[in-house]
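Trainee: Here is what each chain is made of, one letter per residue.
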Amino acid sequence: MRVLKFLKIDCLKMKSLWIALFFPLLSIFILITSDEPNLLFAAGYCMFAGIIYSTFPFTGENPQENGFLMMLPSKPGEDILGHFLFGFTAVTVSLFLGLFSIFVSGLINSNVKNTPLPTGFILALYGAAVIFVGLEELLLTVFRYESIRAVQLIRIVPAFVYFFAANAVTDRLQAQQTPSFAGAGTLPVSVGAGFFAAALVVYIILTMIAVRIVLKRDF
Amino acid sequence: MRIVIKNQSEFPIYAQIEEQIREQILSGEIPEGTVLPSIRKLAKEIGVSVITTTRAYSDLEAAGFIATMQGKGSVVLSQDNGLLREQYLRKIEEGLLDAIDTAKKISLEKAEVLSMLEMLWDDEE
Amino acid sequence: MDLLTVKGLCKKYKTFELKDIHFSIPEGFITGYIGQNGAGKTTTLNAISHLIRPDSGECVIAGKTFEEDPVGYRESIGYVGDSSYFPAGLTAKTIRGILKDFYPTFDETRYDEYCRRWKLPEKEPLKTYSRGMKVKLMFASVLSRDTKLLILDEATNGLDPMVRKEILALLQEYIEDGKHSVLFSTHIMEDLEDIADYIFFIDNGEGILFEAKDDLLEEYLIVRGGQEDLTPELRKYLIGVEKHAYGFEALFRTEAEMVLPPGIEAQKPTIDKIIVHMLEERR
Numbered sequence: 000m001r002v003l004k005f006l007k008i009d010c011l012k013m014k015s016l017w018i019a020l021f022f023p024l025l026s027i028f029i030l031i032t033s034d035e036p037n038l039l040f041a042a043g044y045c046m047f048a049g050i051i052y053s054t055f056p057f058t059g060e061n062p063q064e065n066g067f068l069m070m071l072p073s074k075p076g077e078d079i080l081g082h083f084l085f086g087f088t089a090v091t092v093s094l095f096l097g098l099f100s101i102f103v104s105g106l107i108n109s110n111v112k113n114t115p116l117p118t119g120f121i122l123a124l125y126g127a128a129v130i131f132v133g134l135e136e137l138l139l140t141v142f143r144y145e146s147i148r149a150v151q152l153i154r155i156v157p158a159f160v161y162f163f164a165a166n167a168v169t170d171r172l173q174a175q176q177t178p179s180f181a182g183a184g185t186l187p188v189s190v191g192a193g194f195f196a197a198a199l200v201v202y203i204i205l206t207m208i209a210v211r212i213v214l215k216r217d218f
Numbered sequence: 000m001r002i003v004i005k006n007q008s009e010f011p012i013y014a015q016i017e018e019q020i021r022e023q024i025l026s027g028e029i030p031e032g033t034v035l036p037s038i039r040k041l042a043k044e045i046g047v048s049v050i051t052t053t054r055a056y057s058d059l060e061a062a063g064f065i066a067t068m069q070g071k072g073s074v075v076l077s078q079d080n081g082l083l084r085e086q087y088l089r090k091i092e093e094g095l096l097d098a099i100d101t102a103k104k105i106s107l108e109k110a111e112v113l114s115m116l117e118m119l120w121d122d123e124e
Numbered sequence: 000m001d002l003l004t005v006k007g008l009c010k011k012y013k014t015f016e017l018k019d020i021h022f023s024i025p026e027g028f029i030t031g032y033i034g035q036n037g038a039g040k041t042t043t044l045n046a047i048s049h050l051i052r053p054d055s056g057e058c059v060i061a062g063k064t065f066e067e068d069p070v071g072y073r074e075s076i077g078y079v080g081d082s083s084y085f086p087a088g089l090t091a092k093t094i095r096g097i098l099k100d101f102y103p104t105f106d107e108t109r110y111d112e113y114c115r116r117w118k119l120p121e122k123e124p125l126k127t128y129s130r131g132m133k134v135k136l137m138f139a140s141v142l143s144r145d146t147k148l149l150i151l152d153e154a155t156n157g158l159d160p161m162v163r164k165e166i167l168a169l170l171q172e173y174i175e176d177g178k179h180s181v182l183f184s185t186h187i188m189e190d191l192e193d194i195a196d197y198i199f200f201i202d203n204g205e206g207i208l209f210e211a212k213d214d215l216l217e218e219y220l221i222v223r224g225g226q227e228d229l230t231p232e233l234r235k236y237l238i239g240v241e242k243h244a245y246g247f248e249a250l251f252r253t254e255a256e257m258v259l260p261p262g263i264e265a266q267k268p269t270i271d272k273i274i275v276h277m278l279e280e281r282r
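Line by line, the protein sequences are chains A, B and C.
Heads up: the first sequence at position 34 corresponds to 33 in numbering that gives the first Met the number 0, and the numbers run straight through without jumps.
Heads up: the second sequence at position 52 corresponds to 51 in numbering that gives the first Met the number 0, and the numbers run straight through without jumps.
Heads up: the third sequence at position 91 corresponds to 90 in numbering that gives the first Met the number 0, and the numbers run straight through without jumps.
Because the hints were derived from the structure by calculation, they are not lab data.
A few of these clues could be false.
[To be verified] Here are the computed lysine to aspartate or glutamate pairs in the EDC-like style, where the Cα-Cα straight-line distance is at most 16 Å:
id, chain 1, residue 1, chain 2, residue 2
1, A, Lys74, C, Asp68
2, B, Lys5, C, Glu189
3, B, Lys40, C, Asp176
4, C, Lys178, C, Asp145
5, C, Lys126, A, Glu64
6, A, Lys74, C, Glu67
7, B, Lys40, C, Glu172
8, B, Lys5, C, Glu192
9, C, Lys11, C, Asp54
10, B, Lys5, B, Glu18
11, A, Lys74, C, Glu66
12, A, Lys7, C, Asp100
13, A, Lys215, C, Glu66
14, C, Lys242, C, Glu227
15, C, Lys147, C, Asp176
16, C, Lys164, B, Glu44
17, A, Lys74, C, Asp100
18, C, Lys99, C, Asp111
19, B, Lys40, C, Glu175
20, A, Lys12, C, Glu123
21, C, Lys133, C, Asp111
22, A, Lys215, C, Asp54
23, C, Lys235, C, Glu248
24, B, Lys71, C, Asp176
25, C, Lys272, C, Glu241
26, A, Lys4, C, Asp100
27, C, Lys133, A, Glu64
28, C, Lys147, C, Glu172
29, C, Lys267, B, Glu9
Next up, chain A with everything else stripped away, as it sits in the complex:
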């Protein structure tokens, strides 16, 4: 399908994938050396990176450099669908990288191994990330040809909001629960999963709105 081909182009345009590994590696490092590993923080940290990457397809979309891609035979809106698919994939992949980093550091640091995984919260964070990305992408769809400044702002600001908000939340929760903060008890998996499912629905709705906008505007 053509949408997948657009997704392929988005992947092609991504150059510096190696930086993506920086975050999981850093979180491994932090987790290994920690006595009270904050697994939620590790997962969230990686997803923060994912949020930044997810909107990458929207960069460099000035009509000058983009003419070739704009003229590819397709139904209007298919390229935006590709971007949204890319965004969701980026967040998901970063979540897995985060879990993977937890697993790897668990092999080395038994503290990590013994800490229960705050699945509920992780799912909630995942859902939050997905919503953030969806909103960003919608804004970017509207502004992508307007100004590079706007694009940069939209890409960076929400990600940092997410970062600091998640930080604040996990800190508060950590303060409430000692010695090993896990939060596993405080947010049941079902709630987390429910939140994520809702987030997914929101994401799909945002996608459809974006496609609508593109069809109306015609690019």
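Fit chains B and C to the supplied structure of chain A, relying on the hints for placement.
Mentor: Chains B and C in isolation, oriented as in the chain A frame:
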């Protein structure tokens, strides 16, 4: 076949092409029955526009030098062709009428004009 | 049959407006699109290629509008501009992959041949390409698939004369089967003088004339004379008079029922001169 265009010439390019092909047909350089290159091929080869060669060919056809058949191209016609002959007869008439006109302007007599004609004809031979 | 029909094309910008452009290009011919910088050529071509959306009007290619068949419409156009429209990080190789994905008639072998012929390295990112190389890559990408209409926006500008000649020859080959057309805007009049079948002239957002080049060349003469030859009677038939210290030059319509007085030099015009005098007249 040989086509050489002069851009600076006062004659439009289609006329130059037409004239050169016509002369080569008359001199026999392009024999009767030759299939000329297609309008588009000719345009491409000598680097002129398609409309230009189209016009040259259509003038040649009107003058009876070639005939264009759909799908087969343009063929050089025999010079004994009646249409062509008529063209030439007309051309001769024009030339003669022109001479008569000019003669009358300077009050030259018919006898004088006829003797001029004889002299020139013999000279040519 | 008309390959491209443009009707009532209008587009308004802050400082410029394209007003009611209409013209048609028949199948199998080359149309040169000329006008000064900023006259509206790029806007028109962008509208036809559907890179921008016009305020009103319609473009029909091979009987279809973009709305009716966006995929087919885009497939039938081959667009080349004077600056690269490829994302700078891609390479000729990745572009080939994209072309293969999106254009069913794309021929990899031809693409590779053009790249080889014009010495375009396969794996170097486009930011290392010179301007001329970028233009050649655009041509390679466009000529190696089936299109109905080639739209060139000042595409030959940055090319050296040898390559320009090559491109012009390729254009003539492109229309040779009588089923394809070319619409190209340029400042380089020599290109038009030779191979253009039709000329479309635009000034200040308005279409001024659309004619067969040969007809246009027959309609006018360039006349030159001394100051004293410029009588009011003569003046009536002249277009775009340019005076200089020792005389004048102007355009003269050959169908005017007037015999040029002796002392006036008349000669065959070039497209360049015709346009210059027409512009002079409009100022």
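Trainee: Give a verdict on every hint.
Mentor: Structure-based check of each hint:
1. Proximity of lysine 74 (chain A) to aspartate 68 (chain C) is assessed by CA-CA distance (about 9 Å); at most 16 Å being required, the pair is judged to hold.
2. Proposed proximity of lysine 5 (chain B) and glutamate 189 (chain C) is supported: the alpha carbons are some 14 Å apart, at most 16 Å.
3. With a C-alpha separation of about 9 Å, the suggested pair lysine 40 (chain B) and aspartate 176 (chain C) falls inside the 16 Å cut-off, and the hint holds.
4. Distance check on the hinted pair: lysine 178 (chain C) and aspartate 145 (chain C) sit about 11 Å apart at the alpha-carbon level, within 16 Å; holds.
5. Restraint check for lysine 126 (chain C) and glutamate 64 (chain A): the C-alpha separation of about 11 Å stays at or below 16 Å, so the hint holds.
6. Between lysine 74 (chain A) and glutamate 67 (chain C) the CA atoms are separated by roughly 11 Å; this keeps the pair inside 16 Å, and the hint holds.
7. Pair hint lysine 40 (chain B) plus glutamate 172 (chain C) holds up; C-alpha atoms about 8 Å apart against a cutoff of 16 Å.
8. Our distance criterion of 16 Å between C-alpha atoms is met by lysine 5 (chain B) and glutamate 192 (chain C), whose separation comes to about 13 Å.
9. Restraint check: the Cα-Cα separation between lysine 11 (chain C) and aspartate 54 (chain C) comes to about 7 Å, which is no more than 16 Å; the hinted pair holds.
10. Between lysine 5 (chain B) and glutamate 18 (chain B) the CA atoms are separated by roughly 12 Å; this keeps the pair inside 16 Å, and the hint holds.
11. Among the hinted pairs, lysine 74 (chain A) with glutamate 66 (chain C) is consistent with the structure: their alpha-carbon atoms are about 10 Å apart, no more than 16 Å.
12. Using a Cα cut-off of 16 Å, the hinted pair lysine 7 (chain A) and aspartate 100 (chain C) holds, with the two alpha carbons roughly 10 Å apart.
13. Simply put, lysine 215 (chain A) and glutamate 66 (chain C) have alpha-carbon atoms about 12 Å apart, close enough for the 16 Å limit, and the pair holds.
14. A distance of roughly 11 Å separates the Cα atoms of lysine 242 (chain C) and glutamate 227 (chain C); the hinted pair therefore holds under the 16 Å criterion.
15. Simply put, lysine 147 (chain C) and aspartate 176 (chain C) have alpha-carbon atoms about 11 Å apart, close enough for the 16 Å limit, and the pair holds.
16. About 12 Å separates the Cα atoms of lysine 164 (chain C) and glutamate 44 (chain B), which keeps this hinted pair within 16 Å; it holds.
17. Distance check on the hinted pair: lysine 74 (chain A) and aspartate 100 (chain C) sit about 15 Å apart at the alpha-carbon level, within 16 Å; holds.
18. Straight-line distance between C-alpha atoms of lysine 99 (chain C) and aspartate 111 (chain C) comes to about 12 Å, which keeps the hinted pair within the 16 Å bound.
19. Between lysine 40 (chain B) and glutamate 175 (chain C) the alpha-carbon distance is near 7 Å, which keeps this suggested pair within the 16 Å criterion.
20. In summary, the hint linking lysine 12 (chain A) to glutamate 123 (chain C) is supported, as the alpha carbons are separated by about 14 Å, within the 16 Å threshold.
21. Taking the CA atoms of lysine 133 (chain C) and aspartate 111 (chain C), the gap is near 15 Å; set against the 16 Å cutoff, the hint holds.
22. The hinted pair formed by lysine 215 (chain A) and aspartate 54 (chain C) meets the criterion: a straight-line CA distance of about 13 Å does not exceed 16 Å.
23. As the CA atoms of lysine 235 (chain C) and glutamate 248 (chain C) are separated by approximately 14 Å, the hinted pair is consistent with the 16 Å bound.
24. Between lysine 71 (chain B) and aspartate 176 (chain C), the direct Cα distance comes to roughly 14 Å. Compliance with the 16 Å bound is thereby established for this hinted pair.
25. A hinted pair counts as satisfied when its Cα atoms are at most 16 Å apart, and lysine 272 (chain C) with glutamate 241 (chain C) qualifies at roughly 11 Å.
26. For the hint pairing lysine 4 (chain A) with aspartate 100 (chain C), the CA-to-CA distance comes to about 7 Å; that is within 16 Å, so the pair holds.
27. Annotation: proposed proximity of lysine 133 (chain C) to glutamate 64 (chain A) holds, straight-line Cα distance about 12 Å (limit 16 Å).
28. Our distance criterion of 16 Å between C-alpha atoms is met by lysine 147 (chain C) and glutamate 172 (chain C), whose separation comes to about 13 Å.
29. Proposed proximity of lysine 267 (chain C) and glutamate 9 (chain B) is supported: the alpha carbons are some 6 Å apart, at most 16 Å.
Violated hints are absent here; each numbered hint is respected by the structure.
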